[in-house]
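Student: Those protein sequences? They're chains C and S, same order as listed. Counting in my numbering, the first sequence runs from 1 upward without gaps. Counting in my numbering, the second sequence runs from 483 upward without gaps.
Derived by calculation from the structure, the hints in this document are not laboratory data. Heads up, the beta-carbon is just placed ideally off N, CA and C, and yes, glycines get one too. There could be a bad hint or two in this list.
Claimed, not checked - Sample of chain C residues at the chain S side, in silico, Cβ under 8 Å:
1. 400
2. 407
3. 412
4. 413
5. 423
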Amino acid sequence: MASTSQEIEAIVARKYRHGFVTDIESETLPPGLDEDVVRLISAIKGEPQFMLDWRLKAFRQWSRMKEPKWAHVHYPPIDFQAISYYSAPKKKTDGPKSLDEVDPKLLETYDKLGIPLHERARLAGVAVDAVFDSVSVATTFKERLAEAGVIFCSFSEAVKNHPELVERYLGSVVPIRDNFYAALNSAVFSDGSFVYVPKGVRCPMELSTYFRINAVNTGQFERTLIVADEGSHVSYLEGCTAPMRDENQLHAAVVELVALDDAEIKYSTVQNWYPGDENGVGGIYNFVTKRGDCRGRNSKISWTQVETGSAITWKYPSCVLRGENSVGEFYSVALANNYQQADTGTKMIHMGRNTRSTIVSKGISAGHGQNAYRGLVKVLPGADGARNYTQCDSLLMGGECGAHTFPYVEVKNPTAIVEHEATTSKISEDQLFYCLQRGISAEDAVNMIVNGFCKEVFKELPMEFAVEAQNLLAVSLEGAVG
Amino acid sequence: MSAAPEFTPVERIERAHAAACGRLRGGPAWEARRSAALARLVAGGLPDRRDENWKYLDWPELTRRRFEVGAPAGLALERIATLLLDLPEAWRFVLVDGRFQPALSRLPDDGSIRIESLASAAESDPGNVASLPSVPGDGVDERFALLAEAFADDGALLRLADGADARRGVYLVHVSTGESSPAAHARVVVEAGRDSHLRIVEHFVSAGAGECFTNLTCELRLGVGSRVDHLRLHQQDPAVVHVETLLATQDRNSAYTQAIFAIGGRIVRSNLEVRLQGPAAETRVHGLFMVDGVRQADLYALIEHAAPHTRSEQVFRGVAADRGRGAYNGRVRVREDAAKADSQQSSRNLILSPLAEINTRPQLEILTDDVKCSHGATTGSLDADQLFYLLSRGIDPDTARGLLTFAFCEDVVAQVTEPGLRRHIEELVVGHLPDRDIIREFV
Chain C
1 MASTSQEIEA
11 IVARKYRHGF
21 VTDIESETLP
31 PGLDEDVVRL
41 ISAIKGEPQF
51 MLDWRLKAFR
61 QWSRMKEPKW
71 AHVHYPPIDF
81 QAISYYSAPK
91 KKTDGPKSLD
101 EVDPKLLETY
111 DKLGIPLHER
121 ARLAGVAVDA
131 VFDSVSVATT
141 FKERLAEAGV
151 IFCSFSEAVK
161 NHPELVERYL
171 GSVVPIRDNF
181 YAALNSAVFS
191 DGSFVYVPKG
201 VRCPMELSTY
211 FRINAVNTGQ
221 FERTLIVADE
231 GSHVSYLEGC
241 TAPMRDENQL
251 HAAVVELVAL
261 DDAEIKYSTV
271 QNWYPGDENG
281 VGGIYNFVTK
291 RGDCRGRNSK
301 ISWTQVETGS
311 AITWKYPSCV
321 LRGENSVGEF
331 YSVALANNYQ
341 QADTGTKMIH
351 MGRNTRSTIV
361 SKGISAGHGQ
371 NAYRGLVKVL
381 PGADGARNYT
391 QCDSLLMGGE
401 CGAHTFPYVE
411 VKNPTAIVEH
421 EATTSKISED
431 QLFYCLQRGI
441 SAEDAVNMIV
451 NGFCKEVFKE
461 LPMEFAVEAQ
471 NLLAVSLEGA
481 VG
Chain S
483 MSAAPEFTPV
493 ERIERAHAAA
503 CGRLRGGPAW
513 EARRSAALAR
523 LVAGGLPDRR
533 DENWKYLDWP
543 ELTRRRFEVG
553 APAGLALERI
563 ATLLLDLPEA
573 WRFVLVDGRF
583 QPALSRLPDD
593 GSIRIESLAS
603 AAESDPGNVA
613 SLPSVPGDGV
623 DERFALLAEA
633 FADDGALLRL
643 ADGADARRGV
653 YLVHVSTGES
663 SPAAHARVVV
673 EAGRDSHLRI
683 VEHFVSAGAG
693 ECFTNLTCEL
703 RLGVGSRVDH
713 LRLHQQDPAV
723 VHVETLLATQ
733 DRNSAYTQAI
743 FAIGGRIVRS
753 NLEVRLQGPA
763 AETRVHGLFM
773 VDGVRQADLY
783 ALIEHAAPHT
793 RSEQVFRGVA
803 ADRGRGAYNG
813 RVRVREDAAK
823 ADSQQSSRNL
833 ILSPLAEINT
843 RPQLEILTDD
853 VKCSHGATTG
863 SLDADQLFYL
873 LSRGIDPDTA
883 RGLLTFAFCE
893 DVVAQVTEPG
903 LRRHIEELVV
913 GHLPDRDIIR
923 EFV
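Whenever a hint applies, use it, and build me the whole structure from the sequences.
Tutor: Put into structure tokens, the structure is as follows:
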């Protein structure tokens, strides 16, 4: 097996070039999951022993776990033995040859979102030279990052080049036994991103998966690890407003953030995977575990998310506020249209003294969409002076959608102050009337009101992202009005 | 005292049931109902800490209790009489360890208002028991109602004819002795006819200091346009573990108000499920818990809006001191066809000591858009500015804290309109505060 794995490794490591032909069959594992599959994945990726041990431990843990059922979502049972757990990067020649071959509906959406031409090609999976533009851009960015000492690479590269960092931090925030999907991810994750910001460094630019080479087909089990060393600062953007072409239905990613003393991590997500059609057929299941650990004093982790895609979203970006004076933030807009279901929220675990957290969650339900906020604010006995403010608002559009709020507040310290408030309502008739009588069309008026509703969250996004996010909401709500 | 550890609670319940079988009254028809309830309970099991709505409950303390019912014994009625509140207007119905005590009771002779013991109703006509609906028990939250049905051989049956006026009130007293019986299970059934009006004051007291387990199921059916004002005062001995399940259904234009005070007992666990199934039905629930020592209060309320123009309001206040633990778990569910539903939830809590704990979960499940729903929850300590104001007027810190805590509780206490009763509850609240004598002078 060692010789085959070396061969495969060599193939995988080779750079893509035109006319590159390999036997696809040999790179895709047959469906099913057992210890041999886990060993094989590790071997294909040429991982050191500690990674294999870790994956096997996770697999054994996963085999003993049951699928969680508590979320407010419904879907047919998933057959985990019917999924193929490894597929090498797809041949680019499989994709459409030019933009002319791409579904016109998709192009229309890109147009509405205002996505630059060369990006459209890349997003649609077009195998043309236009893609090279972004690649070269990425290369120049890489040089600037290297100058600052920031490590930003794919997870596989990190395992090869920085095994000591990976071994030290991997699984330290989301342990393998954390939950069913985290355990599954730990056993079989294919690739993902790794970021390390050294002491005192302020990352010179927004990091984005968009600029990372090989980012397109990281697969359904993605793993992200971001470590901000003492006094550093990093802002990370994940995802993209444009709908992504994707064949995998189940996505179970894990994101771990570690902020040491005085460090700050800002993590922004825009998720717009295929939500299924108007009748709820198809669509991505997005079962993600995201957690940040404010390990050091005065550290700060801020999550901002705009969730408009996926048939089912099951996602709770959390903060463990361990260090004294550490700060956790969560800003979220979640939209469920047609038959989409979203069960999302956050956990703020206050452990250190004077820790503070803010939660702002905006849920929008339309069509038959079901949107749930599920959040936990927990103050442990040692967290003197802890402070939390939570606001979660829901907007309902139409008589067949649902909005649910499941907050948990658990306080074990008398000096802590925890506030939670929530409202649920539909779009105010008065606001709508005001807009209409000034000549604004019903659709524009609704978009305006919805954007106003979400403003508190959008203002936390990096600027260019915020503009796209506004357009995205308008596109996602199409057909929900009137 | 404690049962052999090798048995699970459900197995112990089965054994207790087998032992109690011969002693329970009500004839074969009722016996069959009890056995059916037991079979459903055994099949479904009791909830445990893995069930979301039961996760904060002190299970080791609860399952330590014995569930069997003792034989009726001679009681010191004079001693029990001293525990009763003086409510001269109201009719009185006293249950001791779940069994009716006619000597302490005072019942109406008005034909439109029937209050009788379930056991005697069953004796006079077995059809009375057969006509009672069996409790729901499929949901995990209703399992203790099944437990009550499996053991109860007595309780109260209140039937109001259409248009009956029972505003004088029914004073329903549950006394646990902890001596003759380690457990007491009872059922209360309230049927309010069209446009009737009923006030009930339920009072839970202890006549002994024994460790015991009390379990109550209360079913309320509110007819069209009826109104039930329900006050529940938990004032048991700190060794009593109490679980209760209230199931209410409301028809068109009916109104149900409840004020619950959990100021006693080792554990008070209250499950309230209200179903607003007629248009324009309305529910208001106010709750106050004060937990000190190692006591626990765990209040759960589910209000389901199943018809248009229904309204609900929940106002809960909690105070946790020492090692006390308090939980509020409120759920509002608005069904697809409940347009124009209006719902509010408020949960405010005070934590007064480093070892106390508050858990609060105000939840909304909304399935239609034309609604107005909101909730708010806060947890913290006393306001520093208010404290400073009192200190600057020369009031010592303990008294100031006591006064502010008292004022905090007033949000709920103020719901009690009957002056004598309100005085009694205020006394109870003050009794749990530091410097109580000085505070009494202020209030």
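Student: Please go over all the hints and tell whether each is borne out by the structure.
Tutor: Hint check:
Annotation: residue 400(C) was flagged as interfacial toward chain S, and the flag holds, the nearest CB pair being 7 Å apart, inside 8 Å. Because the smallest distance between the Cβ of residue 407(C) and any Cβ of chain S comes to about 6 Å, under 8 Å, the interface hint for this residue holds. For residue 412(C), the interface hint holds, since its Cβ comes within 8 Å of a Cβ in chain S; the closest pair sits about 5 Å apart. Because the beta carbon of residue 413(C) sits about 7 Å from the nearest beta carbon in chain S, less than 8 Å, this interface hint is met.
The interface hint given for residue 423(C) is met, as the beta carbon of that residue sits about 4 Å from the closest beta carbon of chain S, less than 8 Å.
Hint compliance for this structure: every hint is met.
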